[in-house]
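Colleague: In terms of the working numbering, the sequence shown opens at residue 2 and continues consecutively.
A hint or two may mislead.
To be verified - List of simulated lysine-lysine pairs, DSSO-like, C-alpha gap at most 30 Å:
(1) Lys361 / Lys236
(2) Lys398 / Lys358
(3) Lys413 / Lys341
(4) Lys358 / Lys140
Derived from the structure by calculation, the hints contain no laboratory data.
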Amino acid sequence: SGTIVLRDPEAKSPEKEKILLPFWKKESPIYAFISIQIYWVALRHSLLLRPLFSEAFEMDGLSTTTILPESFEGARDDVTEQMMVIWGQIREPLIVPLLRIAVVLCLAMSLMLFVERVYMGFVIVLVKLFGRKPEKRYKWEPMKDDVELGNSAYPMVLVQIPMYNEKEVYQLSIGAACGLSWPSDRIIIQVLDDSTDPLIKDMVELECQRWASKGINIKYQVRDNRNGYKAGALKEGIKHDYVEQCDYVAIFDADFQPEPDFLWRTIPFLVHNPELGLVQARWKFVNSDECLMTRMQEMSLDYHFTVEQEVGSSTYAFFGFNGTAGVWRIAAINEAGGWKDRTTVEDMDLAVRASLKGWKFLYLGSLKVKNELPSTLKAYRYQQHRWSCGPANLFRKMVMEIISNKRVTLWKKAHVIYSFFFIRKIVAHIVTFVFYCVVLPATVLVPEVEVPRWGAVYIPAVITLLNAVGTLRSLHLLVFWILFENVMSLHRTKATFIGLLEAGRVNEWVVTEKLGDALKTKAGMKAPKRPRLRIGERLHLLELGTGAFLFFCGCYDVAFGRYHYFIYLFIQAIAFFIMGFGYVGTFVPHSCQLFQRSNN
Numbered sequence: 002s003g004t005i006v007l008r009d010p011e012a013k014s015p016e017k018e019k020i021l022l023p024f025w026k027k028e029s030p031i032y033a034f035i036s037i038q039i040y041w042v043a044l045r046h047s048l049l050l051r052p053l054f055s056e057a058f059e060m061d062g063l064s065t066t067t068i069l070p071e072s073f074e075g076a077r078d079d080v081t082e083q084m085m086v087i088w089g090q091i092r093e094p095l096i097v098p099l100l101r102i103a104v105v106l107c108l109a110m111s112l113m114l115f116v117e118r119v120y121m122g123f124v125i126v127l128v129k130l131f132g133r134k135p136e137k138r139y140k141w142e143p144m145k146d147d148v149e150l151g152n153s154a155y156p157m158v159l160v161q162i163p164m165y166n167e168k169e170v171y172q173l174s175i176g177a178a179c180g181l182s183w184p185s186d187r188i189i190i191q192v193l194d195d196s197t198d199p200l201i202k203d204m205v206e207l208e209c210q211r212w213a214s215k216g217i218n219i220k221y222q223v224r225d226n227r228n229g230y231k232a233g234a235l236k237e238g239i240k241h242d243y244v245e246q247c248d249y250v251a252i253f254d255a256d257f258q259p260e261p262d263f264l265w266r267t268i269p270f271l272v273h274n275p276e277l278g279l280v281q282a283r284w285k286f287v288n289s290d291e292c293l294m295t296r297m298q299e300m301s302l303d304y305h306f307t308v309e310q311e312v313g314s315s316t317y318a319f320f321g322f323n324g325t326a327g328v329w330r331i332a333a334i335n336e337a338g339g340w341k342d343r344t345t346v347e348d349m350d351l352a353v354r355a356s357l358k359g360w361k362f363l364y365l366g367s368l369k370v371k372n373e374l375p376s377t378l379k380a381y382r383y384q385q386h387r388w389s390c391g392p393a394n395l396f397r398k399m400v401m402e403i404i405s406n407k408r409v410t411l412w413k414k415a416h417v418i419y420s421f422f423f424i425r426k427i428v429a430h431i432v433t434f435v436f437y438c439v440v441l442p443a444t445v446l447v448p449e450v451e452v453p454r455w456g457a458v459y460i461p462a463v464i465t466l467l468n469a470v471g472t473l474r475s476l477h478l479l480v481f482w483i484l485f486e487n488v489m490s491l492h493r494t495k496a497t498f499i500g501l502l503e504a505g506r507v508n509e510w511v512v513t514e515k516l517g518d519a520l521k522t523k524a525g526m527k528a529p530k531r532p533r534l535r536i537g538e539r540l541h542l543l544e545l546g547t548g549a550f551l552f553f554c555g556c557y558d559v560a561f562g563r564y565h566y567f568i569y570l571f572i573q574a575i576a577f578f579i580m581g582f583g584y585v586g587t588f589v590p591h592s593c594q595l596f597q598r599s600n601n
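Work the whole structure out from these sequences, hints included.
Modeller: Now the structure itself:
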């Protein structure tokens, strides 16, 4: 009734109940495979094996066909002879030209992604070696007490916490916000509760009342509807009369826990630099060791924060607001047109519009805010759909507005359109899936079409290594990250096209599920048996279909291929099957769920 977790051996969560795949042990042969993963990275598409296998076979006087038993050879020829003839007739006039076009397009996109990654890597090295710290690039002085003015010398700060049925984490986020160090009469904590569960709403309201009884200026706000989702809640929250006295607004999602000195480290930048509209902090993941899936997420997001955000800020180009763990100047929000709910990435929408108005942003990589990664596959898929569909849809809506804008430089326009949107939000998803999971495997079936080694091996290897620099502690998991990202690229590519075409689920908003302390509760307590999760609710047919295609290509390569490409095909097919059957992520015992409900 559970889910199998690919457990990282370095994870230190013994109190969390999980099921481990039996081969994930040091004494197993598979563990030895991990120790030579760098070798597998070099063989990403197995094309490097071509000369090795060919020379070996020539030395021994063998061929790929003579390795198979003669009886099998005869049976195979009898069964497949007609199919091969038909396939050959279709392949030459139709499949070969189309596949060649696909290879050219994919190589072009791969080159664009390669150039962008190399550029980012080059710039981040220069920034680390010679770049000035934020305190040098912008004026920063600590806030000082004024005997005459008293606390009125400090700006009024609004702290918004939007939430929706956040029973697992609401206490953590509210407690962290109320613990922020700032003059008590110069800060307002605003809890924007869109919960639909009456019991959860009562719990959140009681928590707010508890902090209010301690002298905290906290407001509990609810709406009659959920129009606009998070953007709608933030928009309504900023309309209240008491917000008019506020100069800045800090935003934290319900699972974020800022340190007490957060405002002391961010507000001075906004006070002393009137051109700054946003100060963005970095995310710190409290559950990155939860399971192998969270380790994979950490690798991807660390690159985003360590490289992409840092480069965008240091070069004064553009970087997006991450939706949380940031402080906005309210005047910048208002000048940009306020929060809009036309896409599922209201944070990116606001950041682009504010940037086009001339506002500058600052990223503080040294300031980290704790938060939780989605540790169930279902939650992660919903999150990735929103993060892939939303930017593509926003690009469709704003590309002409960006081009026609006259307030920003040509450099910033090019950076936003080409690097930020086109390469990172569209090309990166499409080329990963289409090239590595469709076109390259298809060349096994169509030997007339070949992919140059530089495009199939060298460029992907460089891109992969550049992506891995953000999380050096996970370098030994690089192969798993490659397989994981290739599988998720299918889901992201589908979401990207939905956003570009404004199709079906373009505005679907599903709040990312948080587990909080659900797994730390009394997991051992007895609980009534609950029905097993129906297999149909866990299957992902597109992933299973892609896995079957890769497996078929691998079998075809074993039987008829010349390049021994089947190694990559079989390994990647297994990854698709594992994800397709839902055997990834954290297993939450039913006893934990029931215990949590009873406490609530």
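Colleague: Work down the list of hints and note, for each, if the structure agrees.
Modeller: Hints, one by one, checked against the model:
At roughly 22 Å between alpha-carbon atoms, Lys361 and Lys236 fall within 30 Å of each other, so this suggested pair holds. Restraint check for Lys398 and Lys358: the C-alpha separation of about 17 Å stays at or below 30 Å, so the hint holds. In summary, the hint linking Lys413 to Lys341 is supported, as the alpha carbons are separated by about 22 Å, within the 30 Å threshold. The straight-line distance between the Cα atoms of Lys358 and Lys140 is roughly 22 Å, inside the 30 Å bound, and the hint therefore holds.
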